[in-house]
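Engineer: Starting from the structure of chain S, add chain B where the hints point.
Line by line, the protein sequences are chains S and B.
Take any residue in the first sequence, note its place counting from 1, add 80, and you have its number in the numbering used here.
Take any residue in the second sequence, note its place counting from 1, add 13, and you have its number in the numbering used here.
Each hint can be trusted.
Residues from chain B that keep clear of chain S, each with C-beta distances beyond 12 Å, as calculated:
hint, residue
1, Ala26
2, Ser81
3, Arg84
30 Å max Cα-Cα, derived DSBU-like pairs, lysine-lysine:
hint, chain 1, residue 1, chain 2, residue 2
4, S, Lys157, B, Lys88
5, B, Lys107, S, Lys154
6, B, Lys88, S, Lys153
7, S, Lys154, B, Lys60
8, B, Lys75, S, Lys157
9, B, Lys75, S, Lys149
10, B, Lys178, B, Lys60
11, B, Lys75, B, Lys104
12, S, Lys153, B, Lys107
13, B, Lys107, B, Lys178
14, B, Lys107, S, Lys157
15, S, Lys149, B, Lys30
16, B, Lys88, B, Lys30
17, B, Lys60, S, Lys157
18, B, Lys88, S, Lys149
19, B, Lys192, B, Lys60
20, S, Lys153, B, Lys60
21, B, Lys75, S, Lys154
22, B, Lys104, S, Lys154
23, B, Lys75, B, Lys30
24, B, Lys60, B, Lys88
25, B, Lys107, B, Lys60
I should point out that these hints are in silico values taken from the structure, not numbers from a laboratory.
Keep in mind it's a predicted model, so treat the numbers as computed, not measured.
In this text, a Cβ means the ideal position worked out from N, Cα and C, and glycines have one as well.
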Amino acid sequence: MATIEISCVEVWREISNYLESEISAELRERMEAHFKTCAHCTAVLDGTRNVVGLVGDGRVFQMPQGFSKRLDKKLQKLP
Amino acid sequence: MSMTESQLRTNEAALIKSVCAGEREAFYDLVRPYERMIYATAIAVVKNPADAEEVAQEAVLKAFSFLSSFRAEAKFSTWLVQITYNEARMKLRKARLHLYESIDDQQQNEEGDFWPRDYADWRPIPSELLEQNEIRQAVQDAINSLNPSYREVLVLRDVQHLSIKETSTILGISEPNVKTRLHRARLLLRDRLAPGIDGSWIKGQPYRKARAW
Chain S
81 MATIEISCVE
91 VWREISNYLE
101 SEISAELRER
111 MEAHFKTCAH
121 CTAVLDGTRN
131 VVGLVGDGRV
141 FQMPQGFSKR
151 LDKKLQKLP
Chain B
14 MSMTESQLRT
24 NEAALIKSVC
34 AGEREAFYDL
44 VRPYERMIYA
54 TAIAVVKNPA
64 DAEEVAQEAV
74 LKAFSFLSSF
84 RAEAKFSTWL
94 VQITYNEARM
104 KLRKARLHLY
114 ESIDDQQQNE
124 EGDFWPRDYA
134 DWRPIPSELL
144 EQNEIRQAVQ
154 DAINSLNPSY
164 REVLVLRDVQ
174 HLSIKETSTI
184 LGISEPNVKT
194 RLHRARLLLR
204 DRLAPGIDGS
214 WIKGQPYRKA
224 RAW
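Isolated chain S, as found in the complex (with noise of 0.2 Å):
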């Protein structure tokens, strides 16, 4: 069965969702075979994919210094 098209505008509403896998198969494959042929779809899926990398990286939110010595002080006060 041939695959139905899918445009762009409609690519990139999903895009978020094709990297949580919460799409139907169906909508998979058509964003799949359009990724093949678009070139900035697939940068901007790149790119989605990049970002959700970078900021799940547990480094970008480092605690300050002394975080959890002062924080054992605070419990350490409790009653």
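Structural biologist: Just chain B, lined up with the frame of chain S:
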């Protein structure tokens, strides 16, 4: 060796029992693995490190006082994040920042389609880059530049790796709403970070600014 989800729960349930039985020391062990999570949640809302630390401390103290009301069906980490999130919102409200934020929120149009501004082809970003202070700062600044309703969803889901369901519970919004905001947040962040990946971040790698029109 990492613990399975059920081992973790059993372990935490035992610690909670000990704390409730008066063994205060067990509370450190219970909370310590989540320090970073608590801090990241706080800073996502209040934005600055000093306020975030204060919120984190208040949240942990609150968690201690209310530990006996923790229900075993819930995940302890989600419960902690929920407390931290509430505490952070309260802090903001006290700072009266909500006036500006609520206006900002109303101007959102979550219905319309998002059009990416830039179609640059990114090469995967080498993970070592995050060892650099400037890069971490650039990512944090980009996250901070997001509207609060997007930032909070992004931080819970993509920074803390909570599920869509957990994110929806904590923020008190529906799951489809979480997905819509997450989508916006990710694409916005991509647009905001892309110009920074112009070779100043990745030496010797091509970055081509390209627009469809």
